[in-house]
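The chain contents come next:
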Amino acid sequence: MNEAKATLSAPEIKVKKVKSPFELKMQFFGLPAALIVFGLFYSTPVPVGLSYAGKMALGVFLTALILWVTESIPNYTVSLLVIVALPLLGVWEEEKAMGVLGYEVIWLTFAAFIIASGMEKSGLAKRLALNLITRFGKSANSILLLLMATNFLIAFVVPSTTARAAMMFPIVLLVIEAFGTTMNDPKNNLGKLLALQGIQSNNLSTGAIVTATSAQIMAIGFIKDLTGQNISWTYWFIASAPVTILTLLASFFIGKLLFKIPASNAKINLSLLEEERKNLGKMSLVEKKALVIFGITIALWAIDTRQIQLFGFQLSLVMVAILSAALFFMPYLGILKWKEAKISWNLLIFACGAYAAGVALDETGVAAWGLNALFAHLGIENMSFTVIFAVIMLIASFSHFIFTSKTVRTIILIPTIIGIANATGINPVALALPAAFCISDTITLPPHSKVNLIYYNTGFFNVLEQMLYGTLVLLAKWGLMIIASLTWFRFIGLV
Amino acid sequence: MNKIKKLSYISCLCLFVSLAAVQTSYAGDAGNVVSMEDRITPDGQDGIITQTINAKTNESGEVIFPIWKDAAIESIKTISGTLTAEEVTEKTDGDQSYYLAVFAEKEKEVSFQVVLRGEGFYAGEAADLGDTYPGNAKELSFKAKNTTPISIGSYQMKIAVPKGKELLNIVDYTDKKPFTITSEGEYTFGGFDFGKVSPGKESKLAINVFDKKSGSSVFLWIIIILLSAGFMYRNLDLLKKPVNE
Numbered sequence: 026m027n028e029a030k031a032t033l034s035a036p037e038i039k040v041k042k043v044k045s046p047f048e049l050k051m052q053f054f055g056l057p058a059a060l061i062v063f064g065l066f067y068s069t070p071v072p073v074g075l076s077y078a079g080k081m082a083l084g085v086f087l088t089a090l091i092l093w094v095t096e097s098i099p100n101y102t103v104s105l106l107v108i109v110a111l112p113l114l115g116v117w118e119e120e121k122a123m124g125v126l127g128y129e130v131i132w133l134t135f136a137a138f139i140i141a142s143g144m145e146k147s148g149l150a151k152r153l154a155l156n157l158i159t160r161f162g163k164s165a166n167s168i169l170l171l172l173m174a175t176n177f178l179i180a181f182v183v184p185s186t187t188a189r190a191a192m193m194f195p196i197v198l199l200v201i202e203a204f205g206t207t208m209n210d211p212k213n214n215l216g217k218l219l220a221l222q223g224i225q226s227n228n229l230s231t232g233a234i235v236t237a238t239s240a241q242i243m244a245i246g247f248i249k250d251l252t253g254q255n256i257s258w259t260y261w262f263i264a265s266a267p268v269t270i271l272t273l274l275a276s277f278f279i280g281k282l283l284f285k286i287p288a289s290n291a292k293i294n295l296s297l298l299e300e301e302r303k304n305l306g307k308m309s310l311v312e313k314k315a316l317v318i319f320g321i322t323i324a325l326w327a328i329d330t331r332q333i334q335l336f337g338f339q340l341s342l343v344m345v346a347i348l349s350a351a352l353f354f355m356p357y358l359g360i361l362k363w364k365e366a367k368i369s370w371n372l373l374i375f376a377c378g379a380y381a382a383g384v385a386l387d388e389t390g391v392a393a394w395g396l397n398a399l400f401a402h403l404g405i406e407n408m409s410f411t412v413i414f415a416v417i418m419l420i421a422s423f424s425h426f427i428f429t430s431k432t433v434r435t436i437i438l439i440p441t442i443i444g445i446a447n448a449t450g451i452n453p454v455a456l457a458l459p460a461a462f463c464i465s466d467t468i469t470l471p472p473h474s475k476v477n478l479i480y481y482n483t484g485f486f487n488v489l490e491q492m493l494y495g496t497l498v499l500l501a502k503w504g505l506m507i508i509a510s511l512t513w514f515r516f517i518g519l520v
Numbered sequence: 002m003n004k005i006k007k008l009s010y011i012s013c014l015c016l017f018v019s020l021a022a023v024q025t026s027y028a029g030d031a032g033n034v035v036s037m038e039d040r041i042t043p044d045g046q047d048g049i050i051t052q053t054i055n056a057k058t059n060e061s062g063e064v065i066f067p068i069w070k071d072a073a074i075e076s077i078k079t080i081s082g083t084l085t086a087e088e089v090t091e092k093t094d095g096d097q098s099y100y101l102a103v104f105a106e107k108e109k110e111v112s113f114q115v116v117l118r119g120e121g122f123y124a125g126e127a128a129d130l131g132d133t134y135p136g137n138a139k140e141l142s143f144k145a146k147n148t149t150p151i152s153i154g155s156y157q158m159k160i161a162v163p164k165g166k167e168l169l170n171i172v173d174y175t176d177k178k179p180f181t182i183t184s185e186g187e188y189t190f191g192g193f194d195f196g197k198v199s200p201g202k203e204s205k206l207a208i209n210v211f212d213k214k215s216g217s218s219v220f221l222w223i224i225i226i227l228l229s230a231g232f233m234y235r236n237l238d239l240l241k242k243p244v245n246e
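Heads up: the sequence lines are chains A and B, in that order. Under this note's numbering, the residues of the first sequence are numbered 26 to 520, in order. Under this note's numbering, the residues of the second sequence are numbered 2 to 246, in order.
Since the hints were derived computationally from the structure, they do not count as laboratory data. It is possible that part of the hints are untrue.
[As the list claims (entries may be wrong)] With a straight-line Cα cutoff of 20 Å, these simulated EDC-like cross-link-like pairs (lysine to aspartate or glutamate) come out:
1. K146(B) x E38(B)
2. K50(A) x E187(B)
3. K121(A) x D129(B)
4. K241(B) x E96(A)
5. K139(B) x E119(A)
6. K121(A) x E140(B)
7. K121(A) x D132(B)
8. K214(B) x E203(B)
9. K139(B) x E118(A)
10. K121(A) x D173(B)
11. K205(B) x D238(B)
12. K70(B) x D44(B)
13. K164(B) x E187(B)
14. K213(B) x E96(A)
15. K139(B) x E120(A)
16. K241(B) x E48(A)
17. K70(B) x E91(B)
18. K144(B) x E60(B)
19. K70(B) x E106(B)
20. K202(B) x E38(B)
[Claimed, not checked] Here are the simulated distance ranges between beta carbons:
21. E75(B) x M344(A): 58 to 68 Å
22. K107(B) x N407(A): 43 to 53 Å
23. G186(B) x G450(A): 26 to 36 Å
24. T69(A) x G186(B): 16 to 26 Å
25. W363(A) x G165(B): 30 to 40 Å
26. G165(B) x L105(A): 25 to 35 Å
27. S341(A) x E60(B): 40 to 50 Å
[Stated by the list, open to error] Output of the computed footprint for chain B on chain A, the stretches with three or more beta carbons under 8 Å from beta carbons of chain B:
28. 117 to 128
29. 220 to 227
30. 492 to 498
Predicted model, so just to flag it, every value in this text is computed and none were measured. Glycine included, C-beta positions come from ideal geometry on N, C-alpha and C.
Extracted from the complex, chain B is given alone in its bound form (with noise of 0.2 Å):
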């Protein structure tokens, strides 16, 4: 009985070193992950994602990235490298999931571009404002979650403003968390630079936009002429005399 137990202790002992090798070796030897940028633009009310990666492959010239939940590759492209298959692969271990590249480069640094299609990302949600606000606003986020074993060296986000909407601001970043406003070809993007991510860790970004009335700023000119006209003829008097205050 002893026996038995001894070698099933052992038998579970060695089979949880094996897994942990196997995690230690694709944490180690997965390649590395330079930098990351998400730049989403709008497809009707889909976002899609144009992914650029810079990264180093391994030994077996693989490079692993994560995946995003609310969204799904379309098309992979390669800028410097040579893929060695035209899909990605995704693979599994516990409870990570993450895509696999496979380039003819070994330990060469690679780039590559990944398009990704975010159903109904610009249908967005209510943004909240508080009770006082201006009309039509709404929220568009994504959240990024690292979803591999190895760190991105850097991550930055960015999302584009859909035509005819404006920029209304970023939420929950200030001087202190600076983001930036770009503009780049047909689109206005609000973006933030989250840095290095961790394994696990979660990056989100949200934009307030809104439509201002097409018609609002003609009205608010009758209105600034009618109240300068009325309080000018109303106080003509402080242009004749001095008035004790």
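Chain A on its own, in the form it takes in the complex (with noise of 0.2 Å):
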């Protein structure tokens, strides 16, 4: 009990990450093994259908991910080398290669810092949190519905699953400790759904809503220069929230099948979670401040297109976002000085060299060239949609197993899918957009998010556990999604 409220009161987690054996290795073996990939491309023939700048593109990209995985070198001077390499090799004008940190995906991750920033010291998510349990929490069922629910809901309001897992953490360890659970008890199967269902509802409700992680920005910002079409965040809360929260349901269910919770964890002690939502108080001027401008800015991005009929103005989400970092930073209003902002510089250049990398691949003509062998061995324009939407959700549910980025996955996957899409006469919105609602699935090992990782301190479950569940609600979302192709997704329009 001490040891719970110990971490209520830490003002931040810090999560230290052990590298296994394996993971130790692949850092040993990655640089040389990166710079062999690249000695390859430079030296072998251009092959027959691509041009010099098309081969060192893939050959940049492919030495940059092998450097991005098996963590070498640090990911941001991996960035940095491709911003370099790209002109240097002739691949993209140094104009464009730099033009990248202008793009509006960066500006909005940047803004989403500045807002995680405000919400965090604002304390506003917490007293919500906190709230909701205390107020609907009667029972076991209900405590872990109402850990998915709020999770889902401050998703709205925060958008970095890291930080939301670090509010939700130690409001988790209280419950459990509500709950009489310990690590040493045989039958602590309540701990270990509160801990696994805290992962899989933290990353499942990312997947409804755009601006819940920066991945799915980048994602739409690659729909839209890829394809010219606009995905607002209003339809990609249409499309995708149904399927999050029967996704949500069925991994509830599927918990409580694999994790029986005993009859003596039934009756919950809420003292302690109420003793800690008395502890804050009324409502600072800080958490007003802060919940006025967060009004505004979800206000602003729910009513996207109809910005212009309510006010005569029209605010695209960057500009939202920006906005609302503005007014975080506002003398009187705001609640920020530009020191108390922690905006992630690295995962900002990072995301630039990763970007570049992916654009360039596409503009020298890799991807249509990549894609066409892939057909020519396939055959896959002779599939149905059906087939074809089935396999590339496969494809984009677990390949966290492979790429543990969520920005490195979006880069691959978002403009292969749309390259799929073209080459098979498909509207390519209607299987990228479905699969950049699996960006956020990285549910199945400790090391594939933060989240992940967070969760894994409490001891509750251990990798075996959490990837047959994980893996088990996977393969729920892809029925799910494949049956919404067939119906929701058909209905709004989206295929």
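Dock the two chains into a complex; use the hints.
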């Protein structure tokens, strides 16, 4: 109990990742492997159908990918080298490579960091979560469902999976304590479920709200750049939310089947959480200011294309985010000072390099060349839409086994899928957007996201349990996506 | 005075109508260029443009095709059909100039090949790649303006990469304007399908080529080996014990 209190009072949760022997080997061999791949691309003749720029775009991308996956050198260093390599090898002009820093996706990510900092400082999300649980959590089942709902709701206001995990983690610990479950209890399935569903509801809820993680914003950026079609915040939500809610319900029932809760855990003592809620006191001025700024931000995002009818102007998704960031910094009205904003410049630079490498692949015709070769091999043009959809969603959902970074996965998958759709005569958005709903399906292994690592630190579950539970839930989501492609997605005109 | 004015107006009108009729006559009855392909290959510093034209002759057996400003005809031969003269003639109507070939076949499909020489084409110009770029890159570009009063049904252009050079890229074309890179015989070609080309429209294709220095691969592999060995030597501890990040 004391441990739980101590965790609650801690302002931040720091996760230290201990690398497995396999990961250390990857780190050791990563740089030599990447350099050898680059050397091979540089030395070998250009394949028929590809330009030298195309060949080297692929070489730079694969070299960078090996370095990003193996973490031999920091990811931002790799990205900086990518920005230099692209013009030096004639892949992309200098102006274009450097221009990525001005792309809207980079500005959005930058603004999202400021918004997340404001939310974290205000404590508003924590108050919201505590209020929900103390008012509505009456039994083990209701508290599990409520935590799912809470994760879903705070995804609207906190555009970072890690920040949300950091907010929810102490509350989950408190709930575990409230149910009288300890790690040494062999029947600690409630603890397992609370921790594992914390991971799943955090990551899966992300898929419903485009602004809940920057990789999804990057995905709609790709869709806009490559197909010319704008995906609004509302359209993403309408399309994805039903699948997300059903997947969360599937997660609830699959979890209960896998890890049965003993009857002794049926009663709950909410006094700890109630105490924590009372300690928050009345809503502070800082929280009220944050609430107003978030209210404006969410309202503008939600009414997106109707802004012009209501106000006579139109602010894009990125401009709303920048306006929100400006409001947070505004003297008297805002709550943040520049030094308090936790802006991950390393992540922004990483995103620039990753985006530049991905776009260069497309611009030099590599994607089309590769896909043509793939189509010739697979005969995918003869497949029906449903089969192509099913294959692509399976790849999109389970690709996190290979590419742990949501950003890297987005860069690889979305342009490729748009290429497949174009080549097969399918509306590219009908494949690319549902695939983007699967970007955050990182629920199978602890290293797949910081969220997983945070909850893994509870010690209530092992790797195998997470993998089994995560795989079953993702298969359920895959089934739901296929059903949605035949029903809901058709109804809203997505496919 | 009024009579003279009236006569002047009428004569001007007649002249205008008759000129317009001549123009219309060529536009409507000058045969039909179904498809046209230009393949540019090197001959020293010059470019040899091998032009393959598939056309349908008019009722007089005529076919007209555009004049390229930067190239002159060297020879012409038929693939199908019979030319009545060994040379084509150059025709001018107002600001439009074009070649006229006359075939024995009337209102029939014919096919022929024209060879043109573009002097100094392969000398190229310095490639515009910004301030950071691979060495010795140059741009080879060719402009083809449809100088005839008729549309060309389909037009393709291909530029061969000179031996000893690499095709760096095809300028200004992306996945949204898909280019083609093909290997035909001893050359690699960068090309583009311009589709239907209206009268007066200009089609431009440019490719960047460059010299890859012969020793650069060896130099790169030496650096790779040294860097890899140095990195592995400095990180041997990664194979021994777990490390906290």
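Going down the list of hints, with the structure as the test:
1. K146(B) x E38(B): holds, 13 Å
2. K50(A) x E187(B): Not satisfied, since the Cα-Cα distance of roughly 46 Å exceeds 20 Å.
3. K121(A) x D129(B): holds, 13 Å
4. K241(B) x E96(A): Satisfied, since the Cα-Cα distance of roughly 17 Å is no more than 20 Å.
5. K139(B) x E119(A): holds, 17 Å
6. K121(A) x E140(B): holds, 19 Å
7. K121(A) x D132(B): holds, 12 Å
8. K214(B) x E203(B): With a Cα-Cα distance of about 36 Å, the restraint between K214(B) and E203(B) is violated, given a limit of 20 Å.
9. K139(B) x E118(A): holds, 14 Å
10. K121(A) x D173(B): OK: K121(A) and D173(B) at ~13 Å, within 20 Å.
11. K205(B) x D238(B): Not satisfied, since the Cα-Cα distance of roughly 58 Å exceeds 20 Å.
12. K70(B) x D44(B): Holds, because 19 Å separates the two Cα atoms, which is no more than 20 Å.
13. K164(B) x E187(B): Satisfied, since the Cα-Cα distance of roughly 8 Å is no more than 20 Å.
14. K213(B) x E96(A): With Cα atoms ~31 Å apart, K213(B) and E96(A) exceed 20 Å; violated.
15. K139(B) x E120(A): holds, 19 Å
16. K241(B) x E48(A): holds, 12 Å
17. K70(B) x E91(B): holds, 13 Å
18. K144(B) x E60(B): Not satisfied, since the Cα-Cα distance of roughly 31 Å exceeds 20 Å.
19. K70(B) x E106(B): violated, 29 Å
20. K202(B) x E38(B): Satisfied, since the Cα-Cα distance of roughly 16 Å is no more than 20 Å.
21. E75(B) x M344(A): 58 to 68 Å: holds, 60 Å
22. K107(B) x N407(A): 43 to 53 Å: holds, 46 Å
23. G186(B) x G450(A): 26 to 36 Å: Distance hint for G186(B), G450(A) holds at roughly 33 Å.
24. T69(A) x G186(B): 16 to 26 Å: Holds: the Cβ-Cβ distance is about 22 Å, inside 16 to 26 Å.
25. W363(A) x G165(B): 30 to 40 Å: violated, 56 Å
26. G165(B) x L105(A): 25 to 35 Å: Given a distance of about 34 Å, which is inside 25 to 35 Å, the answer is holds.
27. S341(A) x E60(B): 40 to 50 Å: violated, 60 Å
28. 117 to 128: That given contact holds, which follows from 3 residues of the segment 117 to 128 of chain A lying within Cβ reach (below 8 Å) of chain B.
29. 220 to 227: That given contact is violated, which follows from only 0 residues of the segment 220 to 227 of chain A lying within Cβ reach (below 8 Å) of chain B.
30. 492 to 498: violated (count 0)
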